[in-house]
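There are 2 protein chains.
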Amino acid sequence: MADGSEAYLEVGSAGIVEKQFFTFADPPDKMRLESGALLGPITVAYETWGTLTPQKDNVVLVVHAFSGDSHAAGFYPDDADRTKPGWWDSMIGPGKGLDTNKYFVICANILGSCMGTTGPSSINPETGTPYALDFPMMTVGDMIETQKILLDHLGISSLHTVIGGSVGGMQVLEWCVRYPDMVRSAIPIATTMRHSALAIAFNEVARQAIMVDPSWNRGNYYNAKKPDLGLAVARMIGHVTYLSDEAMRRKFGRRLQNKDTFSYGFDVDFMVESYLRHQGSQFVKRFDANSVLYITKAADYFDLVDREPPMRSIRDIHGARIKFLVISYTSDWLYPTYQAKELIQTLKRADLDVSFCEIEADFGHDAFLIPDRRLGELVGGFLDGTPRH
Amino acid sequence: MADGSEAYLEVGSAGIVEKQFFTFADPPDKMRLESGALLGPITVAYETWGTLTPQKDNVVLVVHAFSGDSHAAGFYPDDADRTKPGWWDSMIGPGKGLDTNKYFVICANILGSCMGTTGPSSINPETGTPYALDFPMMTVGDMIETQKILLDHLGISSLHTVIGGSVGGMQVLEWCVRYPDMVRSAIPIATTMRHSALAIAFNEVARQAIMVDPSWNRGNYYNAKKPDLGLAVARMIGHVTYLSDEAMRRKFGRRLQNKDTFSYGFDVDFMVESYLRHQGSQFVKRFDANSVLYITKAADYFDLVDREPPMRSIRDIHGARIKFLVISYTSDWLYPTYQAKELIQTLKRADLDVSFCEIEADFGHDAFLIPDRRLGELVGGFLDGTPRH
Numbered sequence: 190m191a192d193g194s195e196a197y198l199e200v201g202s203a204g205i206v207e208k209q210f211f212t213f214a215d216p217p218d219k220m221r222l223e224s225g226a227l228l229g230p231i232t233v234a235y236e237t238w239g240t241l242t243p244q245k246d247n248v249v250l251v252v253h254a255f256s257g258d259s260h261a262a263g264f265y266p267d268d269a270d271r272t273k274p275g276w277w278d279s280m281i282g283p284g285k286g287l288d289t290n291k292y293f294v295i296c297a298n299i300l301g302s303c304m305g306t307t308g309p310s311s312i313n314p315e316t317g318t319p320y321a322l323d324f325p326m327m328t329v330g331d332m333i334e335t336q337k338i339l340l341d342h343l344g345i346s347s348l349h350t351v352i353g354g355s356v357g358g359m360q361v362l363e364w365c366v367r368y369p370d371m372v373r374s375a376i377p378i379a380t381t382m383r384h385s386a387l388a389i390a391f392n393e394v395a396r397q398a399i400m401v402d403p404s405w406n407r408g409n410y411y412n413a414k415k416p417d418l419g420l421a422v423a424r425m426i427g428h429v430t431y432l433s434d435e436a437m438r439r440k441f442g443r444r445l446q447n448k449d450t451f452s453y454g455f456d457v458d459f460m461v462e463s464y465l466r467h468q469g470s471q472f473v474k475r476f477d478a479n480s481v482l483y484i485t486k487a488a489d490y491f492d493l494v495d496r497e498p499p500m501r502s503i504r505d506i507h508g509a510r511i512k513f514l515v516i517s518y519t520s521d522w523l524y525p526t527y528q529a530k531e532l533i534q535t536l537k538r539a540d541l542d543v544s545f546c547e548i549e550a551d552f553g554h555d556a557f558l559i560p561d562r563r564l565g566e567l568v569g570g571f572l573d574g575t576p577r578h
Numbered sequence: 190m191a192d193g194s195e196a197y198l199e200v201g202s203a204g205i206v207e208k209q210f211f212t213f214a215d216p217p218d219k220m221r222l223e224s225g226a227l228l229g230p231i232t233v234a235y236e237t238w239g240t241l242t243p244q245k246d247n248v249v250l251v252v253h254a255f256s257g258d259s260h261a262a263g264f265y266p267d268d269a270d271r272t273k274p275g276w277w278d279s280m281i282g283p284g285k286g287l288d289t290n291k292y293f294v295i296c297a298n299i300l301g302s303c304m305g306t307t308g309p310s311s312i313n314p315e316t317g318t319p320y321a322l323d324f325p326m327m328t329v330g331d332m333i334e335t336q337k338i339l340l341d342h343l344g345i346s347s348l349h350t351v352i353g354g355s356v357g358g359m360q361v362l363e364w365c366v367r368y369p370d371m372v373r374s375a376i377p378i379a380t381t382m383r384h385s386a387l388a389i390a391f392n393e394v395a396r397q398a399i400m401v402d403p404s405w406n407r408g409n410y411y412n413a414k415k416p417d418l419g420l421a422v423a424r425m426i427g428h429v430t431y432l433s434d435e436a437m438r439r440k441f442g443r444r445l446q447n448k449d450t451f452s453y454g455f456d457v458d459f460m461v462e463s464y465l466r467h468q469g470s471q472f473v474k475r476f477d478a479n480s481v482l483y484i485t486k487a488a489d490y491f492d493l494v495d496r497e498p499p500m501r502s503i504r505d506i507h508g509a510r511i512k513f514l515v516i517s518y519t520s521d522w523l524y525p526t527y528q529a530k531e532l533i534q535t536l537k538r539a540d541l542d543v544s545f546c547e548i549e550a551d552f553g554h555d556a557f558l559i560p561d562r563r564l565g566e567l568v569g570g571f572l573d574g575t576p577r578h
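If you read the protein sequences in the order shown, they are chains A and B.
Our numbering puts the first sequence at residues 190 to 578.
Our numbering puts the second sequence at residues 190 to 578.
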């Protein structure tokens, strides 16, 4: 910034954070999901930064993307070398876009994931083994309901803002539709109000890559060889969609990996091949293949426009007192700016207070995860202008 | 057309055509490939339409894309029901863009393929079994050399035009670089002068999808279970890249397949999922997985800009008397218009005669394969204006 402030660069300034857990819906009082299925008990993993005011009016709910987790900022106590800051560390901390001197920031792992919140890899209490495909299909709406129950547990009844990108942005919008009176402002980033055919297509190919791996075994691999090969291919597909043509040109171009000439074989020739293989092989160490299936399907089902009553659609929040800041990125071709504009038109027709910013960036869909002071400044200014009451 | 001519709609007007074969490079006189490897014998499958003039000055060479074949137009004699016209039937025939009343049209299956020309599924004469991964890696340049030998065999020493899209467009450009004095005009469509990182990335993910299928077995599956599951996923990836966001919205949107509600499971919900699965399952019936590996790799290696001497680069055709018509499509995001423009700038700096047309179409990369009178009229007019000598 012009004044020399580089707060957004201070990695880990949000401090040491511990993952916490809250369990509810103990049988027989299971939770009814949107599909009608019952699920319980449900554990939600979450982390918090900053201090809750006595009035509990400074809550920022961060909702994460497809493969994210509750660890949005700072370091875990056991990360002695301080090498693994949270995934949005550039946005959360003192003086950052989500300023922990002002706000009490919460991030919870989504339902269906494998990072502490109940998902297909969790133990099914009825069998004593992981749910696998017996896990009921859950929706983005179900993710919001589990977050709502967590906030009730914490005694929080209003959100200064709810913010997130990609599948996180879908959760932002679903929050507004389900609990418009709880949300003072909402910041959906790099997202859409309904999943497009292109986005469904990429997700379906990723799911197929997992499901054709014989080790997937119809989801029953938890005590056996895992479908790492299929999962790696699925992640490679994802990574192509997260980048952009321009980002790849700049980052890799046609540069070769570790040699001067072509291999004339099927080993890695190009840096971009090496990058994708690396991303695939790293992902299988930390993520569960069945969680990929469930979460991508939840994203595909996401549609706030065409909904049958009694489900509320995005038009039904007409006149709600939510301030919206919609953010898109020029090079995002998974959820392109035209989809942000469709969202904005829908919100404006519902008489809502909407601001819009398209950020010029050539990183593709992943741009919202990359440290960029513009996003922090934009969000910080917007939140300062959002009344606390 | 305004005059009511609908010649481009007359399916099969190019007539009945038979696949022909020409074999050369019989051992010990094998052909030396760009990699330095030796290959032989080599059989090339080809088909022709129209009549060669006594002066042999009316030859149009059609070069096909990645999964194409020599059957570009008309019907095979055994296609009694006339259900399988060639892949560019809308372009080849009397009164069509490549008018068989005027031109002698040739299309040959590319080296490395599996549709009649020698490739990894062909029998290695040294072992009596299919080459599999013992097939030497071939390049786009090697494809051109086999076509050149076929033309020599047919007594043809000049081409009125060489035309093709996608990997076919790469062959068009490679023809101009290798044999500039043979080519009077060239029509590269929906292509690039060097494969981008994004295009390499998609190809690499497709290759990985095949190679992680246990049935691939390092390429040795010809007398066993084939890697159909991996190949189907690879084809699904390809099909996403061949379409466009807009094409998918129009063709599929979020429409459901065969039911009114979500399955809340991993069966097909959306029409686009069904489409992709169908494309994958159909492809495995007609194409060889190893050919996908070899041809995608040849495309990835394709680069007419950065070439070490003695290889000629595209700049080295400075002053050649080739008329170029470069065609791109607005919605092609595999080889976008900006890459066509880079090609045009390079050609113009080399003092070449270049015309350019960007066709407005929302079909994505595949647009050049879809019957469209604009392409036929454009090509027909351009060829009429190309001198025979």
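A portion of the hints provided could be inaccurate.
As the list claims (entries may be wrong) - Covered stretches of chain B, going by a simulated chain A footprint (3 or more residues, C-beta under 8 Å):
#1 227–234
#2 256–264
#3 279–292
#4 335–341
#5 438–446
#6 501–513
What the hints assert, rightly or not - Straight line, CA to CA, 27 Å or less: simulated BS3-like cross-link-like pairs of lysine-lysine:
#7 B/Lys219 - A/Lys530
#8 A/Lys273 - A/Lys440
#9 B/Lys208 - B/Lys337
#10 B/Lys414 - A/Lys414
#11 B/Lys440 - B/Lys474
#12 B/Lys273 - B/Lys208
#13 B/Lys415 - A/Lys415
#14 B/Lys337 - B/Lys414
#15 B/Lys474 - B/Lys273
#16 A/Lys440 - B/Lys530
#17 A/Lys291 - A/Lys219
#18 A/Lys415 - B/Lys414
#19 B/Lys219 - B/Lys291
#20 B/Lys245 - B/Lys208
#21 B/Lys208 - B/Lys219
#22 A/Lys208 - A/Lys337
#23 B/Lys440 - B/Lys273
#24 B/Lys415 - A/Lys414
Claimed, not checked - Which chain B residues face chain A? A few, computed with CB under 10 Å, are given here:
#25 Ser224
#26 Glu315
#27 Asn392
#28 Pro403
#29 His428
#30 Met460
#31 Gly469
#32 Pro498
Think of the hints as simulated: they come from the structure by calculation, not from any bench.
Idealized CB from N, CA, C, for every residue including glycine.
Hints versus structure:
Check result for the segment 227–234 of chain B against chain A: violated, 0 residues qualifying (beta carbon to beta carbon below 8 Å, three or more required). Counting residues of the segment 256–264 of chain B whose C-beta lies closer than 8 Å to any C-beta of chain A gives 0; at least three are required, and the coverage claim is violated. Interface restraint, the segment 279–292 of chain B with chain A: violated (0 residues with C-beta to C-beta distance below 8 Å; minimum three). With 0 residues having a Cβ less than 8 Å from any Cβ of chain A, the segment 335–341 of chain B misses the three-residue criterion, and the hint is violated.
Using a Cβ-Cβ cut-off of 8 Å, 5 residues of the segment 438–446 of chain B lie near chain A, which meets the minimum of three, so the contact claim holds. Using a Cβ-Cβ cut-off of 8 Å, 0 residues of the segment 501–513 of chain B lie near chain A, which falls short of the minimum of three, so the contact claim is violated. For the hint pairing B/Lys219 with A/Lys530, the CA-to-CA distance comes to about 60 Å; that exceeds 27 Å, so the pair is violated. Proposed proximity of A/Lys273 and A/Lys440 is supported: the alpha carbons are some 23 Å apart, at most 27 Å.
Note on B/Lys208 and B/Lys337: the hinted pairing holds, with a Cα-Cα distance of about 18 Å set against a maximum of 27 Å. Among the hinted pairs, B/Lys414 with A/Lys414 is consistent with the structure: their alpha-carbon atoms are about 22 Å apart, no more than 27 Å. The suggested pairing of B/Lys440 with B/Lys474 holds, with an alpha-carbon distance near 25 Å, which does not exceed 27 Å. Note on B/Lys273 and B/Lys208: the hinted pairing holds, with a Cα-Cα distance of about 14 Å set against a maximum of 27 Å.
Taken as a hint, the B/Lys415 and A/Lys415 pair is honoured in the structure, with Cα atoms around 22 Å apart against an allowance of 27 Å. Restraint check: the Cα-Cα separation between B/Lys337 and B/Lys414 comes to about 37 Å, which exceeds 27 Å; the hinted pair is violated. Distance hint between B/Lys474 and B/Lys273 is fulfilled; the C-alpha atoms sit about 15 Å from each other, no more than 27 Å. For the suggested pair A/Lys440 and B/Lys530, the alpha carbons sit about 22 Å apart, so the restraint of at most 27 Å is met.
A hinted pair counts as satisfied when its Cα atoms are at most 27 Å apart, and A/Lys291 with A/Lys219 does not qualify at roughly 36 Å. Using a Cα cut-off of 27 Å, the hinted pair A/Lys415 and B/Lys414 holds, with the two alpha carbons roughly 22 Å apart. Between B/Lys219 and B/Lys291 the CA atoms are separated by roughly 36 Å; this puts the pair beyond 27 Å, and the hint is violated. For a cut-off of 27 Å, the pair hint linking B/Lys245 to B/Lys208 stands: about 21 Å separates their Cα positions.
Annotation: proposed proximity of B/Lys208 to B/Lys219 holds, straight-line Cα distance about 24 Å (limit 27 Å). This hinted pair checks out: A/Lys208 and A/Lys337 have alpha carbons roughly 18 Å apart, not beyond 27 Å. Between B/Lys440 and B/Lys273 the CA atoms are separated by roughly 23 Å; this keeps the pair inside 27 Å, and the hint holds. Between B/Lys415 and A/Lys414 the CA atoms are separated by roughly 22 Å; this keeps the pair inside 27 Å, and the hint holds.
For B/Ser224, the interface hint holds, the least distance from its beta-carbon to any beta-carbon of chain A being 4 Å, beneath 10 Å. Checking B/Glu315 against chain A: minimum C-beta separation of about 19 Å lies over 10 Å; hint violated. The interface hint given for B/Asn392 is met, as the beta carbon of that residue sits about 9 Å from the closest beta carbon of chain A, less than 10 Å. Residue-level restraint check for B/Pro403 holds (minimum Cβ-Cβ distance to chain A is 6 Å; threshold 10 Å).
For B/His428, the suggested interface contact is upheld, since its CB lies about 8 Å from the closest CB of chain A, less than 10 Å. Annotation: interface hint on B/Met460 holds; nearest CB of chain A at approximately 8 Å, less than 10 Å. Contact between B/Gly469 and chain A, as hinted, is supported at the beta carbon level, the nearest pair being about 8 Å apart and thus within 10 Å. Given the 10 Å rule on beta carbons, the hint for B/Pro498 is violated: about 14 Å separates it from the nearest Cβ of chain A.
Hints 1, 2, 3, 4, 6, 7, 14, 17, 19, 26, 32 from the earlier list are contradicted by this structure; the remaining hints agree with it.
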